Amino acid sequence: MSVNEVVAGEPGGPAPAEAAARPPSSLGREALRRLVRNPMAVVGMVLIAVFVLVAVFAPLIAPYSPTDNSWLDQVRPGQYPGPSAEHWLGIDPLGRDVFSRIIYGARQSLLIGVVALALGAVAGIALGVLAGAFGGWVDTTVMRFVDIMLSVPGLLFAIAVAAMLGQSLTSVMIAIAVVNVPIFARLLRGEMLGQRGADYVLAARSLGISRSAIVFRHVLPNSFTPVIVQGTLTLALAIVEAAGLAFLGLSGSDPSAPEWGRMLTDAQDTLTSAPMLAIYPGLAIVLAALGFTLVGESLREALDPKFRR
Amino acid sequence: MSLLEVRDLEVHFPIKAGTLFQRTVGAVKAVDGVDLDIEAGTTFGLVGESGCGKSTLGRAIMRLIEPTKGSVTLDGQDILALSERRMRAVRRQFQMVFQDPMASLDPRQSVESLLTEPLRAHKIPGGAAGHAKRIRELLDVVGLPESVVNRYPHEFSGGQRQRLGIARALVLNPALIIADEPVSALDVSIQAQVINLLKELQERFSLTYVVIAHDLAVVRHISKTVAVMYLGGIVEQAPAADLYRQPLHPYTKALMSAVPVPDPNVEGSRSRILLQGDLPSPANPPTGCRFHTRCPWKQATKCDTERPALRELPLVAPGHKVACHFAEDILSGTITPHEVKPEEVALTPAADDTSGIEAAADATEAHVAGGLTPGGPPGAH
Amino acid sequence: MTLLEVRDLSVTFTRSGQQPVRAVDGVTFDVAAGQSVGIVGESGSGKSVTSLAVMGLLPSRGVSVGGTVTLDGNELTSMDQRELRDVRGRDVAMIFQDPMTSLNPVVTNGKQLVEVLTRHAGLSKGEAKTEAEQLLRRVGIPDPVRRLGEYPHQLSGGMRQRVMIAIAIACRPKLLIADEPTTALDVTIQAQILDLLRTLVAESGCGMIMITHDLGVVAGLCDDVHVMYSGRIVESAGTKDLFARPSHPYTDGLLQSIPRIDDDDPADLLHTIPGSARDTVAWDRGCAFQPRCERAVAECLSGPPAVTELGTPIVPHPVRCLRPVGEDVSLHEGNVAR
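Chains as they are written, first to last, in my numbering: chain A, 170 to 478; chain B, -10 to 370; chain C, 217 to 554.
Hints were generated in silico from the structure; no laboratory data involved.
Keep in mind the model is a prediction, meaning the values are calculated, not measured.
Be careful, since some hints might not be right.
Claimed, not checked - Calculated pairs, SDA-like style, for lysine to any residue (alpha carbon to alpha carbon, straight line, at most 25 Å): (1) B:K330 / C:E366; (2) B:K5 / C:T488; (3) B:K188 / C:T488.
Stated by the list, open to error - Here chain A is said to cover these stretches of chain B; the calculated rule only asks that three of the stretch's residues, wherever they fall, bring their Cβ under 8 Å from a Cβ of chain A: (4) 83 to 90; (5) 94 to 107; (6) 175 to 186; (7) 218 to 226.
Stated by the list, open to error - Distance windows between CB atoms, simulated: (8) C:E419 / B:R261: 16 to 24 Å; (9) B:G322 / C:N290: 49 to 57 Å; (10) C:T218 / A:M209: 21 to 29 Å; (11) A:M209 / C:S294: 32 to 40 Å; (12) B:T290 / C:T218: 51 to 59 Å; (13) C:A418 / B:I324: 27 to 35 Å; (14) C:D484 / B:L263: 31 to 39 Å.
We put the CB at the ideal spot given by N, CA and C, even for glycine.
Bound conformation, chain A alone (with noise of 0.2 Å):
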């Protein structure tokens, strides 16, 4: 483990060659490698991908089109097909196909999760950098500014935003990365700030090294490992507030558009009928935050240097 075999080449442990051959690892390796031997992360990381490959080729996995009414004849009121060879996950009061929705549905979910991931942690990411590389008064003034965008209550703000911009996807976009942008601030600055201290810092600074060169080459890459599990844990909560929008009528104006939260809505009518077509959706919203989450947590134990030897 140590460069010591190389030094004094020592006789017991691994012959001195063998420890010098072997690769240089890096900081981010040696996560990795743990989190491949966490089972948490490896399940996460399974259905992420499940999730992310049906979300890309939804045209090709799913059996027919979402917006497909072709069966309303099979359905009579309270009464709709259950699961069958054809459609395996039954049919929805307005004849379509509730398995190929669901598989379309995955790629609104996964489409609105990074955008507005995306729009809030750069948004964030930005005002972090700002306060917490200049400090004083710039910190001062963003953070008063993010403790402000803090207290408006998220959903509250999305109604507002929908209201603004008309119900839109990119309304419900805009409304999520909103409520993720002082997060990623507060965060940031904040771990920032922590490492500003830091020794390496001052041994930068004693170094002649500018400003610039150690808030962007020290600070950020040392400050950035929870704002990656932070990510990772948002695209789950991006999902599960799209849904949520959904839920709540604030989604694209489209009502025929496959979504998952949407699908809960429709099915709220038919929940004592028939209650899988709620289930079915709910299910997908678990499993893909649920493996976000997975990856997320265990990231935040393979990058702790607590957990580091």
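Dock chains B and C against chain A, hints included.
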């Protein structure tokens, strides 16, 4: 000629209170009027207990903390007057070695990147090949094999990390190195290796050292001149041999008698001056002589009203300076120590560990959220 | 009279998917009442694990403890957790390096003391309060009434360590284990605390184990010393004997490499022990210190080194070394353990 001259240096950290609108309600006087003259090619030892301001002094000399008053002259140039840009260029001339070799190395930086970064930042000519050659030289100088260039800090042992820290300090060929507790985080059997390395490097590159440490034995071994700090000021300074043979200041006497000696015969026979209580808070230091609250030789006059200046006592040894009104009388035995009651000392408690001062040193101010707690600022330990 | 007997103590840590690590191996020593015994070693030498094993404080999962620990005739190693809890605090007490993390930050000093007194010494609350005050006074804390109502963070490091000591001695333990009690403190405060410990042992007649890396602390405080290296005791002797005649190359090298404050004519360079504690050999293959040892010969790697007795049956001075310093007997077959 002195390589480094420090005059009347002061570092006061404002204590702020209030959540939204902050106002300054006092100051932690971490360094409070220090003069230093450090000769080129020598080692200057700075000793004192945690909270005495020695680390802050070291960092203020390097302008890693802005002093609130005074001047620092390096090689004839007043560095406190320099702009940030000019200062960055001057930083080539002096470097720092830190206590915790793990914390002072960026965990994401390989050895190669760690050592080339300063070369690139200062646009040292030579190109990639020249820099690589310089790195190999440096690693050899500090006793590490060339093969470690692609390794990361966590792959090294404590002693090796400190060697890396020293190599980094040497990259730019500095004249002065300030080493802040360079061995105290290392195992005993490794300390000697690093001390020897520092000595060898000094001879080889005619370096000037300021060694800041709490371990008086280490400082004695390595230094030509030693200064003892107490609560932000220097109380005694002398050539190492003189200081240890004949400490004049009561605090120095107590400090020296408290250091355990690895020899049961010596331990069994020597007399100890046990100080009562703890270091008073540097936010509210005692009036007069800072040490008078704990001093067993305290006199009824002067001690609690007049701050003694650091003055030379040439009768004892040339260059032996002490900041005590009654140094001559203590030396001649005209005044004798008396018992100090713990109750008398406890009047100014330093509530939070006073090492908080050192910890807060990197923050430019000491901040007390909400209200004032007695003692130093809450340490960010 | 022997108070504590530790016989062949071993501690092995096992983690799934990793080689088991033997942190402590074959540790044997005695502590008599009124005696201070020093266990000296660097980080990773197993000295702290030894003390935790004596206290029965190691977690049961992933740790296997071998050997016996007998306190006052009672074997601690065969006790269950309940019995052990009774012994801890009442018969054995421990002082740790960092008093801040060993004291509960949200409970006042007084409450923490009173709790110990009511639970282990069976005092009523009122009695416990008076006793707590007495204890603080005894450990040299001025204005004890006020200090009892304060929280640990309101005290300085030295004062906190005194409170810890007060809690430790609250039930008049037979054995005090101090694990680096002064490492986090400044020298003048260290001197105060060591002085206090010295007085307490002399007055109460309890036994004390002093775990430290500082040979200077041992020299001033302990009667016997055991030097540990890589999980084993490599040399044991009376303190004066050990410092006068350090015989294991490690002990000798360590003593020579420490700069001394009373050395009026210091050599230019210090003596050094090469390498670091990471350069080691498993004890069953040879001497763990061999890679760093100046006196090492080929035989040092032929199995666990035998113990050479340099003392007398009354004043023993065992050294786990084939070629102890100062004993320049040529190696003959009989000395080498096969």
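Hints broken by the structure, by number, lowest first?
As far as the earlier hints go, 2, 6, 7, 10 are violated by this structure, in ascending order.
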